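Enquirer: As a plain string of letters, each chain reads:
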Amino acid sequence: KAGVTQTPRYLIKTRGQQVTLSCSPISGHRSVSWYQQTPGQGLQFLFEYFSETQRNKGNFPGRFSGRQFSNSRSEMNVSTLELGDSALYLCASSLGSRGEGEKLFFGSGTQLSVL
Amino acid sequence: SQQGEEDPQALSIQEGENATMNCSYKTSINNLQWYRQNSGRGLVHLILIRSNEREKHSGRLRVTLDTSKKSSSLLITASRAADTASYFCATDSNRDDKIIFGKGTRLHILP
Numbered sequence: 069k070a071g072v073t074q075t076p077r078y079l080i081k082t083r084g085q086q087v088t089l090s091c092s093p094i095s096g097h098r099s100v101s102w103y104q105q106t107p108g109q110g111l112q113f114l115f116e117y118f119s120e121t122q123r124n125k126g127n128f129p130g131r132f133s134g135r136q137f138s139n140s141r142s143e144m145n146v147s148t149l150e151l152g153d154s155a156l157y158l159c160a161s162s163l164g165s166r167g168e169g170e171k172l173f174f175g176s177g178t179q180l181s182v183l
Numbered sequence: 002s003q004q005g006e007e008d009p010q011a012l013s014i015q016e017g018e019n020a021t022m023n024c025s026y027k028t029s030i031n032n033l034q035w036y037r038q039n040s041g042r043g044l045v046h047l048i049l050i051r052s053n054e055r056e057k058h059s060g061r062l063r064v065t066l067d068t069s070k071k072s073s074s075l076l077i078t079a080s081r082a083a084d085t086a087s088y089f090c091a092t093d094s095n096r097d098d099k100i101i102f103g104k105g106t107r108l109h110i111l112p
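If you're matching them up, the sequences are chains A and B in order. Counting in this note's numbering, the first sequence runs from 69 upward without gaps. Counting in this note's numbering, the second sequence runs from 2 upward without gaps.
Chain A on its own, in the form it takes in the complex:
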C-alpha cells in the first residue's frame, strides 16, 4: 500500500501570497488531519476532514482553510501569508473510526517558507 503523499515537498512564498498544499491519504482511509509544526510550538492541530466534511477544527485564523474530495484527497489553503506561517505542514490519514483508538499515518510534510 502506498503511504501518505504530500505535495509539494518544499515551497517558498512571499508575504501576502496564498498557497495550496495537497495530501493524498492511504487508500481506504477516510479521515485526513492537518498539523502545523514549528520549533517553538510543536505540532498544532489545524483541522480534520472525514468523508468530505470538516469534523474538527483547531484554533487558527480563517486564513487557514481546507477541503476534502470524494476520493479522500485533501487540500489546505493559506491566504494572505504572514512570516509566522513558515512551518512544516503535516498531513495524517486514518480510517476515521475513533472507537478503537485511531492510529495516524503521516506524510513527509510540506516545508513552507514565507519571505
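Worth flagging that the hints you see were computed from the coordinates, not collected in a lab. All values reported here derive from a predicted model rather than from experimental measurement. Just so you know, even glycine gets a beta-carbon here, dropped at the ideal spot from N, CA and C. Hints are not guaranteed to be accurate.
[What the hints assert, rightly or not] Once the Cα atoms are required to be at most 27 Å apart in a straight line, the calculated DSSO-like pairs of lysine-lysine come out as:
1) Lys70/B with Lys57/B
2) Lys71/B with Lys171/A
3) Lys57/B with Lys27/B
4) Lys57/B with Lys171/A
5) Lys171/A with Lys125/A
6) Lys171/A with Lys27/B
7) Lys125/A with Lys99/B
8) Lys70/B with Lys171/A
9) Lys171/A with Lys99/B
10) Lys71/B with Lys99/B
11) Lys81/A with Lys125/A
12) Lys125/A with Lys27/B
13) Lys71/B with Lys27/B
14) Lys99/B with Lys70/B
15) Lys99/B with Lys27/B
16) Lys57/B with Lys99/B
17) Lys57/B with Lys71/B
18) Lys27/B with Lys70/B
19) Lys71/B with Lys125/A
[Claimed, not checked] Reference listing, derived: stretches of chain A covered by chain B, where coverage requires no fewer than 3 residues with Cβ under 8 Å from a Cβ of chain B:
20) 111-124
21) 174-182
Please build the complex by placing chain B on the supplied structure of chain A, with the hints as guidance.
Expert: Chain B alone, transformed into the frame defined by chain A:
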C-alpha cells in the same frame, strides 16, 4: 493549545542505556499514543495505550499510563544510534475528539 507536555525537552544518553520520557496531559482521554519523528520528516506511530490499560510493551518499548495522575511514560531499553529522534505523545480526548500532540522530547544517542 497543547494537551500533552513531554519531559524532558531534550535527553542525551550513551548507546546501550535506557531512555525514559514522560508525558503529562490535562483532560480525560480515550487513549494515548507515542510517535517518533526523524529530523524534518513525518511522524511514525510507535504504540497506543487505552485508558483502561496500565502498561504495554512492543519490542524494546514499554509504555505506562497513570490516568489518576494524567501521565504516561515511554521507556526505550538498550538504546541504539537509530533511536535518535524526537518523540511525541498524542492524546485522543473524550471531550472534543481531536488527537493533540505535545511538543516532544528530542532524544540523542551518543556512540
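Enquirer: Look at each hint and say if it fits the structure.
Expert: These are the hints, each one checked on the structure:
Note on Lys70/B and Lys57/B: the hinted pairing holds, with a Cα-Cα distance of about 17 Å set against a maximum of 27 Å. Restraint check: the Cα-Cα separation between Lys71/B and Lys171/A comes to about 20 Å, which is no more than 27 Å; the hinted pair holds. Using a Cα cut-off of 27 Å, the hinted pair Lys57/B and Lys27/B holds, with the two alpha carbons roughly 21 Å apart. For the given pair, Lys57/B sits about 16 Å from Lys171/A by alpha-carbon distance, which is consistent with the 27 Å threshold.
Simply put, Lys171/A and Lys125/A have alpha-carbon atoms about 19 Å apart, close enough for the 27 Å limit, and the pair holds. For the hint linking Lys171/A to Lys27/B, the alpha-carbon distance of about 21 Å falls within 27 Å, and the restraint holds. For the hint linking Lys125/A to Lys99/B, the alpha-carbon distance of about 8 Å falls within 27 Å, and the restraint holds. For the given pair, Lys70/B sits about 24 Å from Lys171/A by alpha-carbon distance, which is consistent with the 27 Å threshold.
In summary, the hint linking Lys171/A to Lys99/B is supported, as the alpha carbons are separated by about 12 Å, within the 27 Å threshold. Distance restraint check for Lys71/B and Lys99/B: the Cα-Cα separation of roughly 17 Å lies within the 27 Å cut-off, and the hinted pair is therefore satisfied. Proposed proximity of Lys81/A and Lys125/A is supported: the alpha carbons are some 25 Å apart, at most 27 Å. Taking the CA atoms of Lys125/A and Lys27/B, the gap is about 19 Å. The hint holds against a cut of 27 Å.
For the hint linking Lys71/B to Lys27/B, the alpha-carbon distance of about 7 Å falls within 27 Å, and the restraint holds. Only pairs whose Cα atoms come within 27 Å are accepted, and Lys99/B paired with Lys70/B is accepted, the gap being roughly 21 Å. A hinted pair counts as satisfied when its Cα atoms are at most 27 Å apart, and Lys99/B with Lys27/B qualifies at roughly 14 Å. Between Lys57/B and Lys99/B, the direct Cα distance comes to roughly 23 Å. Compliance with the 27 Å bound is thereby established for this hinted pair.
Restraint check for Lys57/B and Lys71/B: the C-alpha separation of about 16 Å stays at or below 27 Å, so the hint holds. Annotation: proposed proximity of Lys27/B to Lys70/B holds, straight-line Cα distance about 10 Å (limit 27 Å). Only pairs whose Cα atoms come within 27 Å are accepted, and Lys71/B paired with Lys125/A is accepted, the gap being roughly 24 Å. Proximity of the region 111-124 of chain A to chain B, defined as three or more residues with a beta carbon under 8 Å from a beta carbon of that chain, is established by the 5 residues found.
As drawn, the region 174-182 of chain A meets chain B at 5 residues by the rule of a beta-carbon pair under 8 Å; at three or more, the given contact holds.
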